[in-house]
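Colleague: Place chain F with the ligands on chain Z using the hints.
So the protein lines, in turn, are chains Z and F. Under the UniProt record's numbering, the first sequence has 2 at position 2, and the numbering climbs by one with no breaks. Under the UniProt record's numbering, the second sequence has 112 at position 112, and the numbering climbs by one with no breaks.
Just so you know, these hints were derived from the structure itself, not from any lab. Please note that a few of the clues may not be correct.
What the hints assert, rightly or not - Pulled a few chain Z residues facing chain F out of the computed Cβ check, cut under 10 Å:
(1) Thr-175
(2) Ile-177
(3) Ser-201
(4) Leu-204
(5) Gly-213
(6) Phe-215
(7) Leu-216
(8) Asp-220
(9) Phe-223
(10) Gly-224
(11) Phe-228
(12) His-230
(13) Gly-234
(14) Phe-613
(15) Leu-617
What the hints assert, rightly or not - Straight-line alpha carbon distances no greater than 27 Å define the calculated DSS-like cross-link-like pairs of lysine-lysine that follow:
(16) Z:Lys-272 <-> Z:Lys-415
(17) F:Lys-24 <-> F:Lys-179
(18) Z:Lys-25 <-> F:Lys-24
(19) F:Lys-6 <-> F:Lys-94
(20) Z:Lys-8 <-> Z:Lys-641
(21) Z:Lys-516 <-> F:Lys-24
(22) F:Lys-6 <-> Z:Lys-614
(23) F:Lys-179 <-> Z:Lys-614
(24) Z:Lys-8 <-> Z:Lys-25
(25) F:Lys-24 <-> Z:Lys-614
(26) Z:Lys-614 <-> F:Lys-94
(27) Z:Lys-272 <-> Z:Lys-536
(28) Z:Lys-486 <-> Z:Lys-415
(29) Z:Lys-516 <-> Z:Lys-641
(30) Z:Lys-25 <-> Z:Lys-641
(31) Z:Lys-516 <-> Z:Lys-531
Said to hold, decoys possible - Computed list of chain F residues with no C-beta within reach of chain Z, every gap over 10 Å:
(32) Phe-7
(33) Pro-9
(34) Lys-14
(35) Ala-63
(36) Phe-73
(37) Asn-95
(38) Glu-122
(39) Tyr-124
(40) Val-127
Positions of the beta carbon are idealized from the N, C-alpha and C atoms, including for glycine.
Residues per chain are reported as follows:
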Amino acid sequence: MSSVTQKKGFGAHVWDYLTTVDHKKIAIMYLAAGTLFFAIAGFEALLMRIQLMFPESTFISAGLFNELLTMHGTTMLFLAATPIIFAFMNAIVPLQIGARDVAFPFLNSLGFWLFFIGAVFLHLSFFLGGAPDAGWTSYASLSLYSPGHGIDFYILGLQISGAGTLISGINFIVTIITMRAPGMTFMRMPLFTWTTLVSSSLILFAFPPLTGGLFLMLVDRMFGANFFDHTMGGNTIIWEHLFWIFGHPEVYILVLPAFGLFSEIIPVFARKRLFGYSSMVFATILIGFLGFMVWAHHMFTVGLGATANAIFAVATMAIAVPTGMKVFNWILTIWGGSIKVTVPMLYALGFIPSFVAGGVTGVMQATAPLDYQLHDSYFIVAHFHYVIVGGIVTALFGSAHFYWPIMFNRALNPKLGVLTFWIFFIGFHLTFFVQHFLGLMGMPRRVFTYMGGQGWDLFNFISSIGAIMMGIGVIILVIDVLLSIKSEPVNRRDYWGDGRSLEWAIETPLPFYNFKQTPLVRGFDPYWIEKEEGNKEGMVYAEPLGEIHMPNNSILPFIMSIGTMIAAFGALYSPWGDQVQAGTATGAPAVVSLALIIGGLGLTIACMIIRSFKDDLGFHVTVAEIESIEADLANYRATGKKGGNK
Amino acid sequence: MDINQKFTPQTWPKHPEQATLEGKNKLVGLWIFLASDTVLFASVFATYIALKDSGPAGMEFAARDLYELPLAFIMTMLLLTSSLTSVYAMYHMKNYNYSGVRTWMGITVLLGLGFLCLEIYEFYHYVHIGFGYTQSAFSSAFFTLVGMHGLHVVIGLVWITGLIIRNSSRGLNLYNAPKFFAASLYWHFIDVVWVFIFTVVYLMGVLG
Ligand code: HEM
Ligand SMILES: [Cu+2]
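In isolation and in its complexed conformation, chain Z is listed as follows:
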């Protein structure tokens, strides 16, 4: 296998990405797909905000609003935020621990394709009779009776993409446990690696209840089972429990890596060691643990009783303690540092107060009696957008600027970056700050319109203006990205000049095997240590230059994912479905439905059998090849002439 990229045709590039198992390329696919869905869901949000700009507006209908609402929430959480976080995990974590790739490169690719195919399947609903419309929580009491196939798309799409997420989670855990470079002990791991580990563990325990719940709803709606139908002895609250046992940890699955990203950004630009490293690690683990103890705070008004409510209220408030520790640690890292306000740092500085505001409203909602007032009002919408946009989206935008040089060997434009930041940040606060008051004044969430003259008009108007500003901010960011393609390549290590962890010790563009020799880690912030000691080569190495063992590419993950999609269509058009029998949805004849299910799953299983019968031992890159690749790259960095491996 030669590294030198000859001029490849378009088809060869597509094939390369369909079959790749390289964590760096998979990261790029996650980033691209996540951004696409972020744009779609953002557009849906804009449509909703335009509808709500004025009272009694008729821009979109009630039914369409419900579909937009559901798709916006579902897409943003599962198909935008999660994959973009996975993009950074894939791109950065193997480098941070000095590994050549992840533990299961094949599964890494499978995880991506399952996510992507599930996402595409969910979005096909728009063209095949209507999108799901029961909210991202899809409570059984609503969704069981939702006509058409919308909810079925939700169930099956999330089932497929959820399987992908679970697989990726397992992969990251194993990678971090077994593939760390010599000297990289657990307590020397950078915080982004730590948060990836904890967040993946949350995926491990949180996604199965979702899978289980979705499966129950699947057979309930499509095959006549009776889990949630009370006339048949079922119980709709079971769904709510299963959903929130998943749903609450899900918010930590997203926000912990965001914390990790900021814990990387802040020390670099404060030019100071992260304050309170071990307490940061401890807080991360504690948040992950407590995250499973609090799900019923979403169900205070269901009527679980005063005792249950009290316990869950106290548990929820307890999470504020480790979270507060983190906030203080960030502040104390910045304190007394020699601060450089770059674009990523700007996002970090914007993040701290925004996230704290979201946390404070969270503790307010944890007070069960108060939540009876706040529940299902715009106050909730304001709260979760403060944590989600203020905490997660700022982390993603900031890290995009931060890590772009490593991922693409290009830098994003700082001027446009500052512009994006301010427009987005002001827009964000305009949109969501006033929603706190809308909620307190009694405006319910998930409504498609409202009557004028209740004192809500001005705030709704301001909120929509803010949303438009956020949209403009995102468009500038996209322009920035497109411009970066033509910009000067970075061609060096440590783009920001103050990198501390291993990912900055390696020169871009990266060869496909990452470090040519596995680095030796001599302490926390290993690259910083080497720089302090005047090491010009980046790192010291743990091994002499030798053959490198790398995994083979494979098309099977893609085919397996297609198989699941075929089977999903079979289940969707099941003639035994409640809605099909009620005449509100089309069904296929039994043979067709069964043939699709069996054929689709058969295809997936056949691929698994092929995979297990064909020995796949990977391949070796010889020392001569490594040297020629490194020479190529050096030549590319010096002269800009192609021949560099990318």
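Modeller: Just chain F with the ligands now, with coordinates in the frame of chain Z:
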């Protein structure tokens, strides 16, 4: 790792399943997967417990009259024994005795098949007397929980059979040793889950 490397019982490593990085990854990965599978089963167990005996008004089926303990007991014995035979297979693997691995894995498969046949018979019987999948919330929960375990058994059987067929002529090496080990670990997991099903569904169904 060289797949053609020849071993003798003397040169064969003490822990062949962990002798390579791939093997180690595989086992850590499987343990972690089993942790998440446990949560999946826990969710369905909880659902079953919540919905036990509940159905449309006037439903005539109740767990107390439905289950046959002797049948469930035989199934339990078959599965427990199959776990033991897979331990024998692993014992032979550590001693680099491939025919022992093959024989005992084969017996494991046969016992698993026996279990599966009894389960199919049981399901068939229930459907026959009117306790079908869509009959009530109770029936849906029962078939989903026990059926999900049954599906795990089927996957285990296909997996082990596949391993035996694929490696029938080439013996043990450091590439397939972790695979056998992983399959047997998974098989133990199925066994443990069944112990819970036997207790929660059958024993507590008949007694409670
Ligand atoms: C970027 C600007 C955004 C705007 C303007 C926006 C706007 C909205 C609006 C108008 C709603 C409907 C509220 C209601 O009627 O109850 C909503 C709901 C929601 N949004 Fe956003 N949103 C944005 C970003 C995000 C992001 C980044 C996420 C997650 C990563 C997110 C997750 C949600 C969720 C989960 C819901 C609830 C959906 C439901 O009730 O089922 N939003 N958003
Ligand atoms: Cu929560």
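Colleague: Output the numbers, in ascending order, of every earlier hint that fails for this structure.
Modeller: Hint check: nothing fails, all pass.
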